[in-house]
Each structure stands twice: as C-alpha cells, then as structure tokens.
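J.: In case you want the letters, here they are:
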Amino acid sequence: EPEVTQTPSHQVTQMGQEVILRCVPISNHLYFYWYRQILGQKVEFLVSFYNNEISEKSEIFDDQFSVERPDGSNFTLKIRSTKLEDSAMYFCASSEFGGGPSDEQFFGPGTRLTVL
Amino acid sequence: QKEVEQNSGPLSVPEGAIASLNCTYSDRVSQSFFWYRQYSGKSPELIMSIYSNGDKEDGRFTAQLNKASQYVSLLIRDSQPSDSATYLCAVKGSSASKIIFGSGTRLSIRP
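Keeping their order, the protein sequence lines are chains A and B. In terms of my numbering, the first sequence opens at residue 1 and continues consecutively. In terms of my numbering, the second sequence opens at residue 1 and continues consecutively.
One or more hints might be untrue.
Unchecked claim - Listed next, the stretches of chain B that the computed footprint assigns to chain A, with coverage defined by at least 3 CB atoms under 8 Å from CB atoms of chain A:
# : stretch
1 : 40 to 51
2 : 98 to 105
Claimed, not checked - Among the chain B residues that face chain A by a calculated CB cut under 10 Å, a handful are:
# : residue
3 : V4
4 : Y36
5 : R60
6 : L88
Claimed, not checked - Some chain B residues well away from chain A (every beta-carbon gap over 10 Å; in silico):
#  : residue
7  : L11
8  : N22
9  : T24
10 : R28
11 : S32
12 : E57
13 : T62
14 : L65
15 : S73
16 : S84
17 : A90
18 : R110
19 : P111
These aren't lab readings, by the way, just hints derived from the structure by calculation. Think of the CB as a built atom: it goes at the ideal place given N, C-alpha and C, for glycine as much as any other residue.
Okay, chain B solo, but in the shape it has when bound (with noise of 0.2 Å):
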C-alpha cells in the first residue's frame, strides 16, 4: 500500500517565523511531489510542485525534495496568520495519474 506520512499538528508558529512542514513517502519510485493548501470547508489549493532532488523557491514558500531519503518539506517564511490551513503533502508516480494525499498538518500561526 502506497503510503504519504505527514504529522498531523496542530503545528503552532509565531507571526513573522519560518514553518516547517515534513512528509514522507513509501513509493520509491514516485516522480512527482505536491503541497497543497486546505483552509476549513474548502478545496486543496496548489502551492508548490518539485520534481527533482534539492530545493525549489516560489516567494515565500521553498519546497525540498530528498529522494534517496523519500522525504518532501515545505518551509514557509515569514509566517502570516492567513497561513494557518492544513497542508497537504501530495505524490504521484511516473505513470500513474492519481495523486495520493497525506491526511495533511494543520498549521496555526499565532499573532
């Protein structure tokens, strides 16, 4: 069984820190790596794709792929109260067109 590990928080944060949020995965040969954002009653919403090994930044959002390591994290900086959701860690293989979800970290940043 494919499986995406993620804690599921409550993850607390000052206003204005960096939050760091970890997966892993059981799928060695998975290929495609997601974070998604889920506010109460609401959607995923993409935030960041990586594909390779290493880091990739988009504003204040840098996603970390380790594939040796099967270990995917999402840092967010400077850290806003409009951030607290749930963060779902997402994976899909080479040739499946599924994505599987991890059950998400929930994400509160306080003032």
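So that you can see chain A by itself, here it is in the shape it has in the complex (with noise of 0.2 Å):
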C-alpha cells in the first residue's frame, strides 16, 4: 500500500540554525500538508501546499518557515533559525483531492525535531 516516507526520522539542531525537513508524498497525490505535534499536545496545521504554490497556512507558519516542491517527488519545509519551542514531531501529509469535502489526509511517520 502506497505511504507518506519522511527523513529523518530524528533532527537534533542547535537554536538559530537552519533544519530541512523532507517528505515524499503519495505517488497520485496532489495536495500536501505539514502539521506538528508538540509533545502531550494537538496535533497542529502548519501549511498546505497546491500546484506549487501554498494554499493556506496557520498562524504558526510565519516567516522563519517556508516549503518548496523542489522535484517531482520530494516536498521539504524549511526552518530558518529555529527556536527551542519548534522541538515537535513534524508530519507530513498528503491527499488525492484537497479542499474537497472528500479529502482524507494520510500522514507519514514525522521526523522528531530537537532543538538544543
């Protein structure tokens, strides 16, 4: 069965640098997605990602985050200069219709960010 794949599974970084963080969505998929998960907390939306271009994202995304679709298969969000408080579990997620009311989303296995 097809699966969202993440890498890696674990990011250990120093405050104030840059992490990428990288998935690779279902193959027929077109609409993607990352969310975080604060450890004991909600699982949190980040940002979606359409045609190239982002189609809605939350407060949190501000402007130290960014995502790109640099190829056919990879999708990666960036953080510029992390902070303590972007320690979370990172998924990433994609669905075969978007915006739709039909939209299930499936989740990959996240990558554990730690941010010393």
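Assembly of the complex is requested from the two constituent chains, each provided in isolation within its own frame, with the hints serving as guidance.
T.: This is the structure we're talking about:
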C-alpha cells in the first residue's frame, strides 16, 4: 500500500540553525500538508500546498518557515532559524483531492525535531 | 476559534466489549469528519471518514455523525488489546484544506 515517507526520523539541531525536513508524498496525490505536534499536545496544522503554491497557512507558519517542492517527488519544510519552541514532531501528509469534502489526508511517520 | 472537543480519558474497556468515543465540534459549517488512531510516539493513522448524517460502518468500526448536534462518535466492536491507543477526532470545513484535531481520547483495552 502506498505511503508517505519522511526523512530524517530524528533531527537534533542547535538553536538558530536552519533545518530542512523532507517528505515524499503518495505518488498520485496532489495536495501536501505539514502538521506538527508538540509533546503531549494536539496535532496542529501548519501549511497546505497545491500546484506549487501555498493554499492555506496557520498563524504558526511565520516568516521562519517555508515549503518547497524541489522536484517531482519531494516536499520540504524549512525552518530558517530554529527556536527552542520549534521542538516537536513534524508530520507530512498528502491527499488526492484536497480542499473538497472527501479529502482524506494520509500522514507520514514524522520527523522528531529537537532544538538544543 | 474553531474547536474540536474530546474527553481525554483514559477510557478503559474490557476485551471483547464495545468502546464508544465521542467528539463535539464548534464550527457549524464543517463538512468532513475523521477518526485517526495514534499509538504512542507514532503518527496519526486514518481509520474512518464520514461526511453525511448517520452511521458508516467499516469492519469493527462504526462512525456516527449528527450535524444538528455537532457531534461525532466512533464505536469499536469486539475491542482488542491492539486497539489501545489515542483516538483523534478531526474536522474539516468545506473550503478549507486544514484539518483541526481534537486533543484525543486515550483508550485502554484490558484483557
């Protein structure tokens, strides 16, 4: 069964450093998402992406964050200057239809980001 | 602020019994409703989606939706120890792409 993959599974970085989290969505899906989950808290939406553009973003997704689809398979989340509070699990998700009511989003295994 | 509310649990159910999980949401125009299962340290796994009022069954799982009451539920029949996890209720509006998650209900199936 096709699945979303993410690399790395765990990233440790120093505060102020840039990190890039990578995702390979399900191959026939056209809509991509990033969510994050701080330990013990809810899963929170960060951004959605379709047709090489951001469709929607949350207030968390400030100028420190950016997303890119650098090629036909990868989808990346960049955090320019990490803060301690960026420590969380970051989940990539993808969906086939997007935006419509029958939009089932499938999640990757996540990248655990630890900022020291 | 659009909210999805769940009882955090833990909900303890004997093996073989029915587990009943509930969720309410605040945004009346929400169109799509999902149940995800999340094991500790893992990612959310989609187990059910429901879009119309009524019941939707898939194997041992039944999702129920009542838009007038803004209420979604998940029934798990013949509960197994492997069903022990946190169950996340998630809601999406008709035009929005984001899913709003509840904080989850921790379910424990006791042998």
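J.: Does each hint fit the structure? Answer for all of them.
T.: Hints, one by one, checked against the model:
no.	hint	in the structure
1	40 to 51	holds (count 7)
2	98 to 105	holds (count 7)
3	V4	holds (9 Å)
4	Y36	holds (8 Å)
5	R60	violated (19 Å)
6	L88	holds (7 Å)
7	L11	holds (18 Å)
8	N22	holds (17 Å)
9	T24	holds (15 Å)
10	R28	holds (15 Å)
11	S32	violated (5 Å)
12	E57	holds (17 Å)
13	T62	holds (18 Å)
14	L65	holds (12 Å)
15	S73	holds (19 Å)
16	S84	holds (18 Å)
17	A90	violated (8 Å)
18	R110	holds (24 Å)
19	P111	holds (27 Å)
Consistency note: the structure conflicts with the earlier hints numbered 5, 11 and 17.
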